[in-house]
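K.L.:
Listed below are the residues making up each chain.
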Amino acid sequence: MKLGSRQILFFLAAVAPVGKLILLPPQLAAVAGNDLLYPVLAQIAVQAALIFCVLLLSRRERTVYAMLEGSIGGVGAKIVTWALVLFLLYTSFMPLVEQKLLVQSIFYDTIPSYIVFAPFFLLAAYLCSRPLACTGRIWDILAPLSLFGMAGILLFSVGEADYGAILPVGAAGLPGFSGGVMRTCAWFFDAALLLPFVGRFDYKKGLAWKGAVCYLAGGAVLLFFLATFYGVFSDISVIQVFAFAKMSHFFAGLTVLGRIDYLFIFALAFVMVFYTALPVHGAVQLVADGFPAGKWLPALLSVGANGVLLALLFFFNFDADNILSAVTGNVFWLIPAIGAAFILLLLLFYGRRRHEN
Amino acid sequence: MKIKRFLAALPGKLCLLIVAAVILIFFSNDFGLVDIQKTAIVLAVGIDRDGEDFALTAQIAVPKGSDRTTGGTSSVEIEGRGATVPDCIADIYAKTGWVPKLVFCNLVLLGESAVQADVFSCLDFFLRNEYIPNSCQLAACEGSAGEMLSSQSAIDDTSALALSKLFSDAAKKSGYVMTTTLREFAVGYYGVSGSGYMPYVRAQTKEGGSGGADSSGGGTGSSGDSEESGAQEQKVYSAEETAIFSGGRLAAVLPREQTFAFSLLEGNVYTGSFQADGQTYVVLKNSGSVGLELSDVPMATLSLELRVQLYGTREASPPEEIAKSMLTPEQEARAEEVLTGYLSDLWDSCVQTGCDLFELRTKLYRTSLAEYGKWKDSILSAAVKIETSVKSVS
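Quick mapping for you: the protein sequence lines, in order, are chains F and E. For what it's worth, this note's numbering labels the leading residue of the first sequence as 1396, then goes sequentially. For what it's worth, this note's numbering labels the leading residue of the second sequence as 208, then goes sequentially.
Only chain F is shown next, with the shape it has when bound in the complex (with noise of 0.2 angstroms):
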């Protein structure tokens, strides 16, 4: 079973930009101040170039363990398949955190047991045992959900937003801008995202531009969202976590409506629980690649990853901030870095031929 190239490009325009609404805003206005959409904007030109390349390297129709395994051999492939999979499993760690933090504040009045957080495990572990094509029917059914989420949410929020409040432009300077791009690194590996889904779906002609140009568009909508985001809270932003769960509560309607902005929360929030989990899911159907030792390999993986993840979770139940500080302060360069390296080489050395099997 393969995935269709549609459900590629749902991912790229819908699902992906939604992995960046928790705590990237007010990280980025910290630093960038007003000046927070050029950062992202940076960013997001970059991711859409990478899937520019990854889409690329897809043409051969071959799997990256595959595709290694066909050049340096089966403990080379092994060796480069492990490094990109503990890529993922870091890539992965910080959205996690983000998720148990908004599901401690937004969908609880008061703070919450540690516990409530762990059910999430059992889905990801599910997920994750389950064949990466799988995620392309769940990206037909997230799509239309995440622009439900989005439109609702930028609908309610947009009266009460003042756009004037990212003027003047470029008042954060180039210490704003360097900064933004540095803080935000964290947040943009989705290019890196589809690497284990290479050869996984079948290439049509114009996929990869495409899929740049899906990705961009997800990216206008992002920067949009930034936009009214600071337009909301302008000189407040930085105090304000979990954003887009609170920009809409300033909507005059709902006095009259109750809350049915939390039904735009809700469906971006399930959006977000699947998005989460991909970076383990990428990694457990890398290793199962390598290592074909039976269905029920997978399974195991996906136990064991989640399982080590949820007791890391714990661990650092109270280093969520230092956690931050360190993925996106001192390394910050880990991910845009190894991200890039891996697309880059791997396209050097295995996109020029195509159909070759």
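Partial list, derived from the structure: chain F residues whose beta carbon lies under 7 angstroms from chain E:
1. S1500
2. G1559
3. L1562
4. P1563
5. S1629
6. I1631
7. H1644
Chain E regions said to be covered by chain F (calculated; three or more residues, Cβ under 8 angstroms):
8. 333-340
9. 571-584
Note that these hints are calculated values from the structure, not bench results. The structure presented is a predicted model; accordingly, all values stated were derived computationally and were not measured. Note that CB positions come from ideal geometry on N, CA and C, so glycine has one too.
Fit chain E to the known structure of chain F by using the hints.
P.N.:
Positioned in the frame of chain F, the structure of chain E alone reads:
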């Protein structure tokens, strides 16, 4: 054969069920279960300062009976004291065993003592706490906020609900109430203008109303003591004045007329009325703006454009005039003159108190960083041009 097929499909179906159950648990919000015996649903809080310390009065909703005669919401007020606002909350918890649930808190009332110092020493907690909505209304009041909340309203069993009526959208459209939320006030405070406003509430004793509303259903009246409640004076609240703030401190209290002028500038007014020379005019269309021109020196422009109708006079009028309700050119000119006077007084109040109510610094900042650096300190003393246009509509 059918059983075999069923058993073969069972793991998939089971997985689907488990997934559905997990999603349900994940998004359940504890199925909305709240132990009402241990939870206090706070409707409003009043904050006063006592020297360096704070006194926070929480108005807690107490459900009354569900039958027709006793239905509704009653309340009880509990005061907590402490060195910080969260200390006061902890004090309430310690005194009552109730966990104050602030997610439904829609009003933060600041007493006179609280607004003399930087109000964000009181509001800081509300910004930090993720479980308090930033959309809650802010208001300042004369005297003690605790006493105001504990007073017996003549129109509602619960003072917070009576006050919230004053801050409704309909009241805002009248032009005599300028409401603000915690978010809006914080944006103004932390922005380059460093200014803000909130309605200023006064309570008047209702004439002949010392009997008190029978709000003691269930044994808990507004003061928490039904006998005392019976003897308490009934109060009528008004919020037609506006407290303006600079640097978080109370700068001035704008009278009713200036509040109306400010509402007009914000374009809030619809079917609000004002009076000039014994004639009352109703505003049917209101557009207002504050502009800033930067030529050699900055110049502010306050512009109002109104479409009004004659709403009432002190003398009897012929039916033809009543039917048209038009203003004569003289009346239009007089209405413009009156409103220009209000705007002029409003501008003077802001200049004298150093309150950047019209966000001139923000406008300057957004226009140009260089101009902002040049004029930010003197912008409040810029020249002002007031343009008022009142046109009659039949």
